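Kindly generate the complete structure, drawing on both the sequences and the hints.
Residues 1290 to 1510 in my numbering are what the sequence shown lists, from first letter to last.
If you are wondering where the hints come from, they were derived from the structure by calculation, not from laboratory data.
Every value quoted in this text rests on a predicted model; they were computed, and no experiment measured them.
Here are the simulated lysine to aspartate or glutamate pairs, DMTMM-like style, with alpha carbons at most 20 Å apart: (1) Lys-1334 - Asp-1351; (2) Lys-1403 - Glu-1414; (3) Lys-1350 - Glu-1321; (4) Lys-1350 - Asp-1402; (5) Lys-1350 - Glu-1397.
Here are the simulated distance ranges between beta carbons: (6) Val-1413 - Ser-1454: 27 to 35 Å; (7) Val-1431 - Glu-1325: 28 to 36 Å; (8) Leu-1407 - Gly-1443: 20 to 28 Å; (9) Gly-1443 - Asp-1418: 23 to 31 Å; (10) Pro-1483 - Ala-1310: 52 to 60 Å; (11) Arg-1463 - Asp-1418: 39 to 47 Å; (12) Glu-1359 - Thr-1446: 19 to 27 Å; (13) Asp-1387 - Asp-1418: 16 to 24 Å.
All residues carry an ideal CB built from backbone N, CA and C; glycine is no exception.
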Amino acid sequence: MQSPNRRSGKVGRPPRLSRDAILTAAQRILDEEGAECLSMRRLAKELSSTPMALYHHVQDKDELLMLLLEAHAQGFPRPEFPEQPRERLLAGAQVLHDILAGCPWVVEVLASDKFVSLSAMWIVENMVDALIACGLSPDDAVYAYRVIWYYTVGELTVRFNRERSRGETATPYRQRVMSSVTEADFPRLAVIGPRWVELTSVDNHRRGLEAVIDGLLAQNA
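Dropping the structure here:
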């Protein structure tokens, strides 16, 4: 005879849902698995709940990501920027890069071009203002900011992907290809090829950033 203190099926109640609990679980998934693995179904499973229950607290995945972006951006430090416009622009672009470098999932989310965080707009304000102070029109300043943004996201995306592939025992495909090019077909690359991986793995972000900024400012000189 079954004990009156035992019930069939699951024992105990599922964890009580709250917006904070949902955000904490979502943050954990983003940190450990990346943005591509976050879905309402995956989040519900993490919380031992159902997707429908989550919708009582957040409207959808987009609202969830916006809340997470805002929470993350509110912790960004605000440094003092130089007064000289070019140096202020360079410093702002470096701050943007350094903040994003510590959080791959934010880059993944923002690269979709669907989201923007109000709490992080001080960085954009600083960069656009510096560009205008350098002599650009507001329209050209937005264009220049976007070019810097594309460079930043592209550089970080390649860096994150490279870091994920570290530890692989097989010779990287690009290394095998670059080491096999012949002088008859690719005279320049045949000389550089054996060192291609070494040369392309150097952290040249700052050098490239300065080149991008100087090129943008030269267009409007």
